[in-house]
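Asks: Starting from two chains that each stand alone, build the complex the way the hints lay out.
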Amino acid sequence: AQSVTQLGSHVSVSEGALVLLRCNYSSSVPPYLFWYVQYPNQGLQLLLKYTTGATLVKGINGFEAEFKKSETSFHLTKPSAHMSDAAEYFCAVSEDNQGGKLIFGQGTELSVKP
Amino acid sequence: DAGVIQSPRHEVTEMGQEVTLRCKPISGHNSLFWYRQTMMRGLELLIYFNNNVPIDDSGMPEDRFSAKMPNASFSTLKIQPSEPRDSAVYFCASSPRVGGAVSTDTQYFGPGTRLTVL
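Listed in order, the protein sequences are those of chains F and P. Quick note on numbering: the numbering used here labels position 14 of the first sequence as 14, and the sequence is numbered without any gaps. Start counting at 1 in the second sequence, then tack on 1000, and there's your number in the numbering used here.
The following block holds chain P by itself, in its conformation from the complex (with noise of 0.2 Å):
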């Protein structure tokens, strides 16, 4: 398998600008997670979904920040507008489900996208 893949591994862009990142899971995994690592703030979840729901958005930042997964196999994490303090690593990762007990569940990160904002 593949693992969790991640697009594009770098971004560097201007203050203001939109900043789309991608995240196609493992096939057969229900879950996704979006990360944000920053030294400051270390690991940080920002949104999950299950099934391709949306369960839990609470540790998205503001409403600059939106996540969709419109299919199983696709994700993205939008910011739109960014702003420098944005700049960190964001990290994918999917879990499957192993008998209803998601909670359980190993989840396989991606290699993250590395976000610059100036």
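Chain F on its own, in the form it takes in the complex (with noise of 0.2 Å):
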């Protein structure tokens, strides 16, 4: 069965710094992972996908993951936070022949301090 951690409920780093979010997954074949933003009373929103191909994933704001089969993660990171990161960030995993359906891990918030 699939599933995701995320390691860490709160990270806060200072505006200019390094954000490191950590996910890991579990899955019984290749997968294909997400990362999600939710800002405050929002839905969520895509940051980036890995899906198939070159393992290190741009997406938007500035952020990218790269996804580590040996290590079975798939870690978002941005070079300098910016105030307006300050969101709950959510990894996701999903499956072929699952219909599209995601599993989320339980969510990060991060803070971000001027």
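It is worth saying that the hints were derived from the structure and are not from the lab. For glycine and all other residues, C-beta sits at the position ideal for the given N, C-alpha and C. Warning: the hint list may mix true and false statements.
Per label pair, the in silico range of CB-to-CB distance [to be verified]:
id	chain 1	residue 1	chain 2	residue 2	range
1	F	Ala1	P	Gly1003	30 to 40 Å
2	F	Gln106	P	Pro1054	23 to 33 Å
3	F	Leu18	P	Asp1063	43 to 53 Å
4	P	Asn1051	F	Ser28	22 to 32 Å
5	F	Ala54	P	Arg1085	43 to 53 Å
6	P	Glu1044	F	Glu71	18 to 28 Å
7	F	Glu71	P	Met1039	28 to 38 Å
8	F	Ala17	P	Lys1068	39 to 49 Å
9	P	Pro1008	F	Glu66	34 to 44 Å
10	P	Asn1071	F	His82	37 to 47 Å
Here are the simulated SDA-like pairs of lysine to any residue, each with C-alpha atoms no more than 25 Å apart in a straight line [claimed, not checked]:
id	chain 1	residue 1	chain 2	residue 2
11	P	Lys1068	P	Gly1003
12	P	Lys1024	F	Pro40
13	F	Lys69	P	Thr1106
14	F	Lys49	P	Ile1055
15	F	Lys49	P	Ser1103
16	F	Lys58	P	Thr1104
17	P	Lys1024	F	Gln98
18	F	Lys49	P	Asp1056
19	F	Lys49	P	Glu1044
20	F	Lys49	P	Gly1003
21	P	Lys1024	F	Tyr39
22	F	Lys49	P	Leu1046
23	F	Lys49	P	His1029
24	F	Lys68	P	Ser1103
Replies: Spelled out as structure tokens, the structure:
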């Protein structure tokens, strides 16, 4: 069965600092991996996704993530945090033949200090 | 495009009452998903439809919950009777079918309905 673990329910960084949000997955077949962001009182929106091909995936707002099969990880990074990055971030996994069903992690709340 | 539309945005009701949440997916999208978000359980998939047909309802908590998709542009999630533990934010999401590989599709989320059951 698929599962996603996000390490750290809360992460706090200073503006301009590196952002690193951790995600590990469990899947019996090659996974498809997603990062979504949720701003307060809004729905989720896609940041980036890995399906096949290049393992380093670039997304919106300067975020990127690297799929590492050997580590079953898909960590999200951004070189320099901005105040507007404060939000909740969700890692998710899906597999073929699941009709598009996503399994989400518990989420990581990112705070950015001035 | 207007995006996924959900109504109402906020609903406050009393225990035992029937609650109906509504969703209009993005035009042309073939898959629709209902999620529930709570502090305790995070984001849970309740049910999803492909081409208006329910595919997996294993996440529906109990028989008090039901969902329908009578056509490609409308879906409802009904709770009857409602209980305080149903209080949560309910999201609807839709996704297109790109080349048949729906598992790689991006899901587009609505703004959610915040349900409070007193």
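Asks: Please go over all the hints and tell whether each is borne out by the structure.
Replies: Taking the hints in turn, this is what the structure says about them:
no.	hint	verdict
1	F:Ala1 / P:Gly1003: 30 to 40 Å	32 Å, holds
2	F:Gln106 / P:Pro1054: 23 to 33 Å	26 Å, holds
3	F:Leu18 / P:Asp1063: 43 to 53 Å	48 Å, holds
4	P:Asn1051 / F:Ser28: 22 to 32 Å	27 Å, holds
5	F:Ala54 / P:Arg1085: 43 to 53 Å	44 Å, holds
6	P:Glu1044 / F:Glu71: 18 to 28 Å	27 Å, holds
7	F:Glu71 / P:Met1039: 28 to 38 Å	29 Å, holds
8	F:Ala17 / P:Lys1068: 39 to 49 Å	48 Å, holds
9	P:Pro1008 / F:Glu66: 34 to 44 Å	41 Å, holds
10	P:Asn1071 / F:His82: 37 to 47 Å	42 Å, holds
11	P:Lys1068 / P:Gly1003	20 Å, holds
12	P:Lys1024 / F:Pro40	22 Å, holds
13	F:Lys69 / P:Thr1106	21 Å, holds
14	F:Lys49 / P:Ile1055	24 Å, holds
15	F:Lys49 / P:Ser1103	11 Å, holds
16	F:Lys58 / P:Thr1104	16 Å, holds
17	P:Lys1024 / F:Gln98	23 Å, holds
18	F:Lys49 / P:Asp1056	23 Å, holds
19	F:Lys49 / P:Glu1044	20 Å, holds
20	F:Lys49 / P:Gly1003	20 Å, holds
21	P:Lys1024 / F:Tyr39	21 Å, holds
22	F:Lys49 / P:Leu1046	22 Å, holds
23	F:Lys49 / P:His1029	19 Å, holds
24	F:Lys68 / P:Ser1103	19 Å, holds
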